[in-house]
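Participant: These are the residues of each chain, in order.
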Amino acid sequence: MSSDESIEVTEVALPGIGLRHDFVTSKGRRVGVVSHRSGKRELVIYDQEDPDACVDSVTLTGDEADTLAEYLGTHRVMERLATLSDQVSNLHTRKFPVSSGSRYDGKTLGDTHVRTRTGASIVAILRDGEAIASPTPDFGLTGNDTLILVGTDEALSAVGEILAE
Amino acid sequence: MESGILLLELGAVILSLSILGRFAARVQLSPIPLYLLAGLLFGHGGLLPLATSEEFISVGAEIGVILLLLLLGLEYSADELMVNLRTHASSGVVDLVVNSAPGIAVGIMLGWELPAIVAMGGVTYATSSGIAAKLLTDLGRLGNRETPVVLSLLVLEDLTMALYLPILTALLAGVGLFGGSVTVLIAVATISIALIVALKYGRLINKLLFSSDSELLLLGVFGLALLVAGIAQQLQVSSAVGAFLVGIALSGKVAESARVVLSPLRDLFAAVFFVFFGLHTDPTQIPPVLGIAVVLALVTTITKVWVGGWAASRAGIARPGQLRAGTMMVPRGEFNIVIAGLAASAGFAGIGPLAAAYVMLMAVFGPMLTRFVGPISGGVLKVLTRTKSPPPTG
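If you read the sequences in order, they're chains H and F.
Just so you know, we're using this note's numbering here: the first sequence kicks off at 1 and counts up by one.
Just so you know, we're using this note's numbering here: the second sequence kicks off at 1001 and counts up by one.
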């Protein structure tokens, strides 16, 4: 389902009820979805102090769950970003190739420290003609990747300098 | 004239159940103990003994038991049962041994005969999966990580019931050791065949029974359940088990829709069943056994909490979760009364009052314990973590 294999989703059968999927976010919060056999969905958020208990659960109908998924979905986000950069004059999208033999060939995305140093966001990576949306910091870069970034003009120029190092 | 009184009595009984049910819902408790109380009130020696409707109520009670087990079976698919059996069998055995022991011990101490002792073991063993599942949903704990452990134990208990009920029925019928083992063999064979049929031909059965018309679906599923229950009864396997197996064989869309159309019917007839059990329990016999029931309630609360907690700890759940899992296993309810009802109607009268008192205590106390242990253990945890963190220096 996810294009990113680094998120480890646990699947648990709930006999008589359905299935539960959950995972821990990079900030240490556990979130999950209980899928009832009736089609009902429950969004559950776990307690930080007691990791086995959920602090809250939101019950969604099938349609409501689809709507939420659509808004959380990366395709939707990219779509909105594209229109956003058109609307907001000082926000731009730019592509940066990572040439083979560059400093970051073989390193992870986190190693570039692009976001912390410039404030620009890497929204996707183009590899072999495919877009990998919302890459995580531990994503391994290779030569011939293209990074797609969103940020102010200054930030994007700074990114160009970093990648050219 | 006669039928007028019958309707009048039935109407009065069902209407008073609705009032009791509303009251139970308001104080957020299971209505089962109140239905039992109503039965005590309307029965022999009670305040308002019924004159003519007893026979009808007795048939209604039988249908109630069949519907209770049919809907229980509908909750599960044969695949789920097999997976559970393989992965959680050891927890299931510990649960069975530790929680039937107090009932068996009390039976022996009271000098009962073997069938009544075995029945009492069943009364203290089985958790009410109905009450537990409802509590899990109401308290928003379906997502909790200890919940699969609780559900697995419930599934195993229900599956154990499918084996236990025919054995108990055989014992209660007074068949000897040989006759008993033959019955057990028949029971095991029937259940195995039913499971295999459900696994292999489930799709076909479902296809034949399915109808988008809820009336046709209701008649089909209900009719099949009664038919199989009757056949099972003839084979001395207990009608309840027959209905349970029909429920398991049905899955997917048929099970979904059958649950919807049969639930109101189940609610009505199950209520009748609880009243029937109360009717046949002499209220004057309850006070003498109340002390024993209280002790039994305390002991089996501890054993259930321990088993649930232990199973949860094996699944890597932390302390608060273990406690929640343990207390979730405490409530007893419908099946304990089904078991006691079988024994009482077979002439083992002593078990009725004790089981009634015990289930009334557990069905009230269990859900309350479950409800309040979450916040309490959460509070304790917060205090503990606060005291553990080092005090600020300087």
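Simulated from the structure, these hints should not be mistaken for lab results.
Cβ atoms here follow ideal geometry from the backbone N, Cα and C, with glycine treated the same way.
Treat the hints loosely; a few may be bogus.
Short, incomplete list of chain H residues facing chain F, as computed with Cβ under 8 Å [claimed, not checked]: (1) V9; (2) A13; (3) P15; (4) I17; (5) S26; (6) R29; (7) S38; (8) E42; (9) V44; (10) G62; (11) E64; (12) A65; (13) A69.
Participant: Confirm or reject each hint.
Facilitator: Going through the hints against the structure:
1. V9: 14 Å, violated
2. A13: 7 Å, holds
3. P15: 5 Å, holds
4. I17: At 6 Å from the nearest chain F Cβ, I17 (chain H) passes the 8 Å test, so the hint holds.
5. S26: 20 Å, violated
6. R29: With Cβ-Cβ at 13 Å, over 8 Å, it is violated.
7. S38: Holds - the Cβ of S38 (chain H) comes within 8 Å of chain F, reaching about 6 Å at its closest.
8. E42: 6 Å, holds
9. V44: This hint holds: V44 (chain H) lies near chain F, its Cβ roughly 3 Å from the closest one there, short of 8 Å.
10. G62: 13 Å, violated
11. E64: With Cβ-Cβ at 17 Å, over 8 Å, it is violated.
12. A65: 14 Å, violated
13. A69: Interface hint status for A69 (chain H): violated (17 Å vs cutoff 8 Å).
Hints 1, 5, 6, 10, 11, 12, 13, counting from the list given before, are not met by this structure.
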